[in-house]
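Chains A and B, in that order, are what the protein sequence lines are.
Take 13 as the starting number for the first sequence in this note's numbering and just add one per residue.
Take 13 as the starting number for the second sequence in this note's numbering and just add one per residue.
Treat the hints loosely; a few may be bogus.
Chain copies aren't distinguished; within one or between two, either way the pair holds.
[To be verified] Only pairs whose alpha carbons sit at most 30 Å apart, straight line, appear in this in silico DSS-like list of lysine-lysine:
| no. | residue 1 | residue 2 |
| --- | --- | --- |
| 1 | K155 | K99 |
| 2 | K36 | K99 |
| 3 | K36 | K57 |
| 4 | K147 | K191 |
| 5 | K36 | K129 |
| 6 | K155 | K129 |
| 7 | K345 | K290 |
| 8 | K86 | K147 |
Hints were generated in silico from the structure; no laboratory data involved.
There are 2 protein chains.
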Amino acid sequence: MRENPAGEVSKNAILLERGGFVYKTMAGVYDYLPLGYLVLENINKIIREEMAGIGGQELFLSAMQGMARWSKTKRWSDLSGIMYRLKIENFSVEDHYESEIGLATTHEDAISEIAAKTVFSYKDLPQFVYQIQTKFRNEPRAKSGLIRGREFLMKDLYSFHANEKDLDEFYHVAGEAYKRIFSRCNLVTYVTEAPGGTFTEHFTHEYQVLSDAGEDWIFFCDSCQCAQNKKISPLKDGANCLNCAQGKIILGRSIEVGNSFKLGTKFSQAFGLYYSDKDGGKKPVVMGSYGIGPGRLMGTIVEIHSDEKGIIWPDSVSPYAAHLISLNADGQKVYAAMLDAGIDTLYDDRDDKTAGEKFADADLIGIPWRVVVSEKTLAKNMIEVKGRAGNKIELMPLEDFITKVKKS
Amino acid sequence: MRENPAGEVSKNAILLERGGFVYKTMAGVYDYLPLGYLVLENINKIIREEMAGIGGQELFLSAMQGMARWSKTKRWSDLSGIMYRLKIENFSVEDHYESEIGLATTHEDAISEIAAKTVFSYKDLPQFVYQIQTKFRNEPRAKSGLIRGREFLMKDLYSFHANEKDLDEFYHVAGEAYKRIFSRCNLVTYVTEAPGGTFTEHFTHEYQVLSDAGEDWIFFCDSCQCAQNKKISPLKDGANCLNCAQGKIILGRSIEVGNSFKLGTKFSQAFGLYYSDKDGGKKPVVMGSYGIGPGRLMGTIVEIHSDEKGIIWPDSVSPYAAHLISLNADGQKVYAAMLDAGIDTLYDDRDDKTAGEKFADADLIGIPWRVVVSEKTLAKNMIEVKGRAGNKIELMPLEDFITKVKKS
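Construct all of the structure, not just a fragment, from the sequences and the given hints.
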């Protein structure tokens, strides 16, 4: 799209819609088009690798869940403001298999019910399961593009432990995995102490990325990177950091890209999730829960890695490695050679667009390398190469470019 | 689970629940547990490979969709019996961004609206896009396990063409891809002429697998494999086949594992999906739609490939290649060697189960190869190998087994 979409105020939504990555079905509800799905799957691949690396097993839980399940922790009423419920027209009473159904806002309840039927002994612990699944939440303000959705993907990890000590250890391991995920997405995160919310009376931890597009405020130290959510923090802007005694405390807007909760035994007690310990005693399983929104992560990457012309994808999540543009010349041979060399390439061979339009689209779409083939470059047996993030335009043989990309 | 789950009548649900592949959240709504998710992803991988092979690009569309969209083809009212709608409690009027929202039963409407904003010229055609996404349908009778769900995964492919001839050609290409998908899942399918339903007045095609668990009846030829759905067929059981003049027509129960529809211009006209042809004329895009339920496919595989002891997974979709059992012996070295050799192995090292229990579980879970390590086999430097489908038990060196599996 040449123009900004009507009604969008957030940078990530504007760039992602204009670039053909997503389509807005309604406020807070986006479709991933093929280009956007490639980015999403690159992000999901990073998440899956890191989850597998800490022993996570993937599963896939349903969105539809009956009132009885949600009522065990009183969440049927607690979440009524944001939980969508189903109504069915034209149906006779005997077809109503459950009188009331809600769409999952999170899955602690579901996984606790399942664990209660599969975990019996200390030998069954610990266990770590995760999914990448759609959540539904009736958010009153959904104006931040992919950062706040009414229907959105979430990676949620749940851990089950014999005791608090084991939870504490894994909580740290999961936190390290989270840091690796965000770092691989080229995001700097502040591990931020935050209020417990409905889950726990202890601190929870949020993974915050500094950005004016954020909906949160955090106090963070510019030296040791310790941070607290403003909602719970006694800190003040400009104060000295008491943690490292070196840095200054700064108040900044931020986007929460992940969070983690020590659930303790709240859900296990509600769902009868007990295990037999070595001594034969019956004890409640201790749980943790850890969330990342892959779509929100995609939106955050766009907020951070973009300029006035468009997106600047990090290599790790870019939909393609290179964007090949032919200008009144046949780029097919170069395209084939790039594919042969294993360089994932988007080929713009449109013959009804000007060079300026093609360059503008390449800047908007934001693939790391732009490669141009024209009669001039072909005559010299060269290609023209420009990195999306920089300004330098270089003529080089295709082989040199292939070597360059493989190294980066 | 040792016992059959209460309330289940379908074989696939009973075996999949007992084997720990799925968990039943409510009638027609199943969670995929880690073991089941592995099978599901193997099926999805086959589907994705075949979709990519015919030029399909993957995307991901939302479940939530407003009444306005559904109303363009009158489907808001036509589908009211099976479409779940959302209601929200405790919310003020200004929060209601759309007065009425339905959960997608299918996505023809969504994709047509999107295509209308991205397809303009004959140069933009043809296009093939698909997704693997959750559908929601309020099915009155959901007693067939994974074969009929209220919330279920569907792979839906949509094709966009300049004319009927191009659709016809791709319709054939997609059909061949479908046959390869089912064949790779070890299923024999009958390409069955079926009624048009709400989409078209022409025949559509269903991919039917003969099974007593099916909800359909088809007439099929035992020689040329041509078939018609009983609903539209003038054929009779025992008649001679008029198509090949050699076979007999047989009436059989069957499971529909896939279908394809020539949508024509119904949706493109409703959503203003027109393109400029070479001659400058404005024409409606001609569409096709093609569905496969990966979960239903999983259920069907279980119906077909199982015996009184449990599931017999085809190699292509099995969650693991081998099931290693240690009997009062340390199988860790053999396990490590199998993993080193690239054999995906499930290792049953439980020390509180009898050999009989472990064998019964292996038969239930249905992994193609069972490998047993005991003091006796270790003393001989051998392992005991049994194929799930056969009865032969063989002693062999681990290396021979590795060679055997790699060949199969």
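Okay, the hints, checked on the actual structure:
{"no.": "1", "hint": "K155 <-> K99", "in the structure": "both (27 Å within a copy, 21 Å between copies)"}
{"no.": "2", "hint": "K36 <-> K99", "in the structure": "both (25 Å within a copy, 21 Å between copies)"}
{"no.": "3", "hint": "K36 <-> K57", "in the structure": "both (24 Å within a copy, 28 Å between copies)"}
{"no.": "4", "hint": "K147 <-> K191", "in the structure": "within (23 Å within a copy, 34 Å between copies)"}
{"no.": "5", "hint": "K36 <-> K129", "in the structure": "between (40 Å within a copy, 12 Å between copies)"}
{"no.": "6", "hint": "K155 <-> K129", "in the structure": "between (41 Å within a copy, 22 Å between copies)"}
{"no.": "7", "hint": "K345 <-> K290", "in the structure": "between (67 Å within a copy, 27 Å between copies)"}
{"no.": "8", "hint": "K86 <-> K147", "in the structure": "both (19 Å within a copy, 28 Å between copies)"}
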